[in-house]
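For the protein sequence lines, the chains are W and S, in the order given.
Per numbering that gives the first Met the number 0, the first sequence starts with residue 0, numbered consecutively.
Per numbering that gives the first Met the number 0, the second sequence starts with residue 0, numbered consecutively.
In short, the hints are calculated from the structure, not lab data.
Accuracy of the hints is not assured; some may be wrong.
[As the list claims (entries may be wrong)] Each computed DSS-like pair below joins lysine-lysine, with the alpha-carbon atoms no more than 27 angstroms apart:
1) W:130 - S:164
2) S:196 - W:195
3) W:201 - S:146
[As the list claims (entries may be wrong)] Beta-carbon label-pair distances, calculated as ranges:
4) W:211 - S:58: 29 to 37 angstroms
5) S:111 - W:206: 52 to 60 angstroms
6) S:114 - W:80: 50 to 58 angstroms
7) W:199 - S:58: 24 to 32 angstroms
8) S:37 - W:13: 54 to 62 angstroms
9) W:206 - S:201: 30 to 38 angstroms
10) S:37 - W:189: 54 to 62 angstroms
11) W:211 - S:37: 50 to 58 angstroms
12) W:189 - S:68: 48 to 56 angstroms
13) W:214 - S:269: 56 to 64 angstroms
[To be verified] Residues from chain S that face chain W, not an exhaustive set, calculated with beta carbons under 7 angstroms:
14) 114
15) 122
16) 128
17) 160
18) 171
Positions of the beta carbon are idealized from the N, C-alpha and C atoms, including for glycine.
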Amino acid sequence: MIVAERKSIPELVEILKAHKKILVLGCGTCVTVCLAGGEREVSIISSALRIASKVQGLGFEIDEFVIERQCDNIFIEQAAEAIQKCDAVLSLGCGAGVQAIAERYPQKPVYAGLNTAFLGILEERGVWAEKCAACGSCVLDKYGGICPVTRCAKHMLNGPCGGSREDRCEVRPDRPCAWQLIYTRLKGIGQLDRLKQIESPKNWRSSLSGGPRVIIREDHRI
Amino acid sequence: MKPDSRLAGKLGGKDFIFTAEYLPLAGTDASFVEACTKSFGNRLTAVNVADNHYGVAMSSLAASVALNRAGIEPVYQVVTRDRNRIAIQSDLLGAAFLGIKNVLCLSGFHQTLIDCPQAANVFDIDSIQLVNLVKTMNGGLLLDGTKIQGEFSMLIGAVANPYMKPLELNILRLSKKAAAGANFIQTQAVFDVELFKQWLEAARKEGITEKTAILAGVLPLKSAVQGQKLLDTHTDFHIPAEVLNRIKAAGDEAAQKKEGSKIAIEIAKKLKAMPGLRGVHILSGGNEAVVPDLIAAI
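Work the whole structure out from these sequences, hints included.
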């Protein structure tokens with residue numbers, strides 16, 4: 000899923016202070032699951048903004064609304080009335096959701112209430128970790144299902160760097176070294192020989208390095 | 000074309016080899032050339048010139064060329080952290096044009112561990128791919144198959160951390176560096192000689208020491224505080240507590256520095272007696288003046 004976290008209330012106040020009628024718009028998909036922008040967070044952030052408004056005399060009128068998916072026009076439609084009524088939208092969707100709303104309402108200021116962080120999973124209660132960099136050409140088959148492009152701080156494709164020790168990443172000592180995980184996993188499934196192969200430089204063209212990305216499915220465009 | 004540097008010549012012989020390193024400073028002052036000449040002179044086969052080791056510094060290419068002109072053979076260090084394959088190949092062509100004949104291929108300290116934590120990194124290629132890239136260029140071609148106009152020939156070096164665990168993964172990676180084209184390997188600082196011996200023996204058993212010359216890193220610590228700082232900030236240092244305690248017990252700043260050099264000499268002497276080891280690489284960066292006494296004593 001897409002993992003995001005909330006911007007701070009002072010930052011949101013700074014972003015919104017030129018407006019009065021503000022719609023805090025939540026999203027019922029990824030950001031609900033990662034506890035950043037669902038119904039509960041819409042309510043919490045709205046309350047915090049109302050308090051800040053009262054304390055600082057900002058005159059905010061906060062409305063709350065949640066749709067199932069902000070990145071999908073069919074669902075955005077459900078928020079049409081609420082969006083029409085407000086001066087500005089504070090979207091608690093991911094970066095894709097914010098832009099989908101902004102594209103749909105060219106005359107309406109739409110602001111991001113979250114910092115969209117990465118594609119990841121819930122590893123344990125309250126801990127989300129990045130697992131996929133969406134590089135556009137998946138190499139997981141070669142590395143026992145553990146991604147060195149995403150999880151190695153140096154994107155090393157041919158083994159760990161010299162800083163890998165005691166299973167920890169040198170850059171984030173609270174995280175495991177991806178290469179130690181790859182080694183253990185490949186050994187466990189009898190595929191350690193894969194690591195003997197010298198991997199050529201990666202073709203980054205399918206990643207963000209290749210420019211804005213789009214997938215066109217002609218079979219779905221008829 | 001075969002690399003024809005002085006270091007390449009020595010690797011082909013039987014002599015025990017000494018190299019050291021110079022860390023360029025964040026400036027344009029030319030006095031480093033004279034200082035390096037004084038510290039290194041003809042005592043060493045070659046001197047590594049670090050690539051933005053702990054933050055922004057004079058480019059390793061410029062400093063390498065300056066030392067080369069002063070008669071000190073440089074090992075031009077290139078990290079993959081800051082440059083993509085376009086910039087690296089371009090700089091390598093420039094380096095060859097300017098007379099550089101040795102290159103050391105590294106990924107480099109991650110920028111969050113040095114003085115520029117807010118910078119974006121590159122890591123377009125990794126260190127083994129860089130080794131392989133230089134080998135390809137030695138064959139007269141760029142990565143995309145473009146023919147290099149003129150001669151290109153570099154002796155290829157890489158690095159290894161003898162203390163990275165597990166040993167099987169460590170040796171597998173070392174073996175890949177040799178297979179990718181590394182002519183020599185310089186290691187991280189050796190303090191635990193016994194553990195290093197086990198690593199070298201594992202490398203020898205895999206036939207790696209036949210393919211690539213291993214030079215063991217020896218770091219003359221300036222103080223116990225420096226050693227502790229290295230341990231705290233970089234996991235690739237393995238410095239046993241007794242080493243730091245010994246330096247600390249030596250007393251004041253000057254005494255600690257002297258003790259650090261003494262330990263380095265003791266380690267280097269033990270390393271010199273190790274079969275399969277081709278030389279010692281003195282990690283003298285920031286402490287270059289210590290080299291003459293060290294070499295004289297080893």
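Hints versus structure:
no., hint, result
1, W:130 - S:164, "holds, 24 angstroms"
2, S:196 - W:195, "holds, 24 angstroms"
3, W:201 - S:146, "holds, 21 angstroms"
4, W:211 - S:58: 29 to 37 angstroms, "holds, 33 angstroms"
5, S:111 - W:206: 52 to 60 angstroms, "violated, 21 angstroms"
6, S:114 - W:80: 50 to 58 angstroms, "holds, 53 angstroms"
7, W:199 - S:58: 24 to 32 angstroms, "holds, 27 angstroms"
8, S:37 - W:13: 54 to 62 angstroms, "holds, 56 angstroms"
9, W:206 - S:201: 30 to 38 angstroms, "holds, 37 angstroms"
10, S:37 - W:189: 54 to 62 angstroms, "holds, 57 angstroms"
11, W:211 - S:37: 50 to 58 angstroms, "holds, 55 angstroms"
12, W:189 - S:68: 48 to 56 angstroms, "holds, 55 angstroms"
13, W:214 - S:269: 56 to 64 angstroms, "holds, 60 angstroms"
14, 114, "violated, 15 angstroms"
15, 122, "holds, 5 angstroms"
16, 128, "holds, 5 angstroms"
17, 160, "holds, 4 angstroms"
18, 171, "holds, 6 angstroms"
The structure does not agree with the numbered hints 5 and 14 stated previously, though it agrees with the rest.
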